[in-house]
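Colleague: Can you build the whole structure from these sequences, using the hints too?
Numbering (our numbering), first residue to last: 1041 to 1497.
Careful: at least some of the hints might be erroneous.
[What the hints assert, rightly or not] Simulated restraints, written as ranges between beta carbons of each label pair:
id : residue 1 : residue 2 : range
1  : Glu-1385  : Arg-1314  : 57 to 65 Å
2  : Thr-1250  : Ser-1321  : 21 to 29 Å
3  : Asp-1188  : Ala-1441  : 13 to 21 Å
4  : Thr-1236  : Glu-1424  : 28 to 36 Å
5  : Glu-1232  : Glu-1488  : 38 to 46 Å
6  : His-1367  : Glu-1222  : 39 to 47 Å
Because the hints were derived from the structure by calculation, they are not lab data. All C-beta atoms in this analysis are idealised placements derived from N, C-alpha and C, irrespective of residue type, glycine included.
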Amino acid sequence: MKTLKQFWSIFALIVIVAVVLAACGGSPAAPAPAEQPAEEEAAAAEEPTEEAAPAAEDAIPLSMWYHGAGNDEERAVILQIIDDFNASQDGYVVEIQDFPQDSYNESIVAGALAGNLPDIIDMDGPVMPNWAWSGYLAPLDLPEEVLDGFLPGAIGRWDGQVYSVGLWDAAVAMYARQSVLEENDIRIPTLEEPWTLEEFDAALETLQATGEFDFAFDPGMAWTGEWYPYAFSPFLQSFGGDIVDRETYLTAEGALNGDEAIAFGEWWQSLFERGLAPGTSQDSADRETGFIDGRYALQWNGNWAAVAALEAFGDDLLFLPAPDFGHGPKIGAASWQFGVSADSEHQEGANDFIEFALQPKYSAAFSDVLGLAPTTVEAAAMTESYAPGGPLEVFYELSQAQALIRPPTPAYLSAALTFEKALADIANGADVVTALDAAVDEIDADIEANDGYGFGN
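Modeller: Structure below.
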């Protein structure tokens, strides 16, 4: 049972890390909301807009909070699901409240402190374990077969139970031009045979030496916050390290500062020392247009950016798998998902709504408007871009083959900030071992301060 001190530490932690929480449907995979205000300010946060579908007589209202006020296309799909659910039965009626994304997480925290959470909660995947541990969420009560065939990143598991599930997922690939690779005699990798570390490094050196590009590789240093752990921790994991030890979740020792992690850090730093990649001073406009403008030869980017690149390069554009740095190729996973409040008096109805929303046609609709990956093969077949032969089909295949969720632990919220700082410091020339050791100490101190976040008890 958590003490009052621990409860306030949870609140303070979520306030601090609002800058790293994100929705994988934004500009980077994780655009960061604004910094959280203090408790009093959170309680007075911007009032959400509210819209309720027509209710059946005597139907029980189910409240739902949603993070995407202003995202009209995404919101239209959600409203369609709500209208369809409300019309499908007469026991419940879902009523949605919209919050701006940059104040959504603070509103959840304020609602939890006030005992006023909605029945249905919208949440970013890596946030879920902290909110489940904090007592905000109840495990989902869905038939097992409902989640059969889902992409693993779309299912939020914590402490052996499913707490959340999403209707889409994000995936990252190496953007390249076939003509550029062929002109420089660089092998085009496949899912079955991705680039090795040596091949990838040699390709970068070759591309930089042409003199045709400002940089051979754009990892996306202008995108801060959640982009760092989402996009860059898979490189570390492919080297054999991780943000925390996933065997125990009680320490980062050995995972973030072991031999494999140090090898990753040295390679990471060398990208910038050798002038192969733009550093932390990269301008956000350069990140957005540098590959399309031909100033970057390769770019590490998500499926949300694919349409613009396809418009620029057509059939010459390639979406390549992640390199294998020695322990298998990895990419990030998990986006926004639905869960049920632990305080809801109508959990059965909330679960009914979530089960209804998981129909393939709705996942396909989200994919068509957001450009993100549908959650099942059946849903993919209904989409314009992810159906067999579609221009983005490869992203679904990448999610199936290479996706790894960020560490599913309440400690992730603090660890993500620490990881971001360590990688930025290393890119800027800090001693690799010192930076990683300091990160381990900070992560371990947070875990110890919170009694292991439930692990080892």
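Colleague: Decide, hint by hint, whether the structure agrees.
Modeller: Each hint, compared with the structure:
1. Evaluation of the 57 to 65 Å hint for Glu-1385 and Arg-1314 yields a pass: the beta carbon distance comes to about 60 Å.
2. Distance hint for Thr-1250 and Ser-1321: a CB-CB separation of about 24 Å, consistent with the stated range 21 to 29 Å.
3. Look at Asp-1188 against Ala-1441: about 18 Å separates their beta carbons, and that is inside 13 to 21 Å.
4. Roughly 35 Å separates the CB atoms of Thr-1236 and Glu-1424, a value that falls within the hinted 28 to 36 Å.
5. Checked against the hint of 38 to 46 Å, the C-beta distance between Glu-1232 and Glu-1488 comes to roughly 43 Å, which is consistent with it.
6. The given range of 39 to 47 Å is broken by His-1367 and Glu-1222, whose C-beta atoms sit roughly 29 Å from each other.
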